[in-house]
Amino acid sequence: MSIKTDSLEASFLNHVCEQKLALTIFLVNGVKLQGNITWVDANSMLLSREGHSQLVYKHAISTIMPNSPVEIAVA
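Every number in the numbering used here is 7 more than the matching position in the sequence shown, counting from 1.
Note that these hints are calculated values from the structure, not bench results.
On a predicted model such as this, the values are computed, not experimentally measured, just so you know.
Treat each hint with caution, since some may be false.
When the alpha-carbon atoms are kept at most 16 Å apart in a straight line, the in silico EDC-like pairs for lysine to aspartate or glutamate are as follows [claimed, not checked]:
hint	residue 1	residue 2
1	39	78
2	65	16
3	65	78
4	39	16
Here are the simulated distance ranges between beta carbons [unchecked claim]:
hint	residue 1	residue 2	range
5	13	57	28 to 38 Å
6	80	36	25 to 35 Å
7	80	57	27 to 37 Å
8	13	59	26 to 36 Å
9	59	80	28 to 38 Å
All C-beta atoms in this analysis are idealised placements derived from N, C-alpha and C, irrespective of residue type, glycine included.
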């Protein structure tokens with residue numbers, strides 16, 4: 008799982024996925040999802056929690072908030 012672009016979005020998503028960081032995702036309709044991102048592509052991501060997975064479309068996401076601080080080096 009790696010998005011092949013040099014964007015802040017790609018760097019952030021690759022980092023939280025590789026580090027298996029717990030996070031909260033807020034959707035544009037106000038729904039709050041929690042878990043770990045296990046896969047990312049251009050249009051969607053797979054969010055896993057307690058053995059269950061959800062396919063989340065990026066266009067439905069408002070905010071992604073990791074449960075711990077994240078430092079990203081963007082070139």
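Taking the hints in turn, this is what the structure says about them:
1. The straight-line distance between the Cα atoms of residue 39 and residue 78 is roughly 23 Å, outside the 16 Å bound, and the hint therefore fails.
2. Distance check on the hinted pair: residue 65 and residue 16 sit about 11 Å apart at the alpha-carbon level, within 16 Å; holds.
3. A threshold of 16 Å between alpha carbons decides the hint, and for residue 65 with residue 78 the separation of about 22 Å lies outside it, so the pair is violated.
4. Between residue 39 and residue 16, the direct Cα distance comes to roughly 20 Å. Violation of the 16 Å bound is thereby established for this hinted pair.
5. Our hint of 28 to 38 Å for residue 13 and residue 57 holds, since their Cβ atoms are close to 34 Å apart.
6. Between residue 80 and residue 36 the beta carbons are some 33 Å apart, a value that agrees with the proposed interval 25 to 35 Å.
7. With their beta carbons about 32 Å apart, residue 80 and residue 57 fall inside the hinted range of 27 to 37 Å.
8. Here the CB-CB span from residue 13 to residue 59 is close to 33 Å, well matched to the stated 26 to 36 Å.
9. Separated by about 33 Å at the C-beta atoms, residue 59 and residue 80 satisfy the suggested range of 28 to 38 Å.
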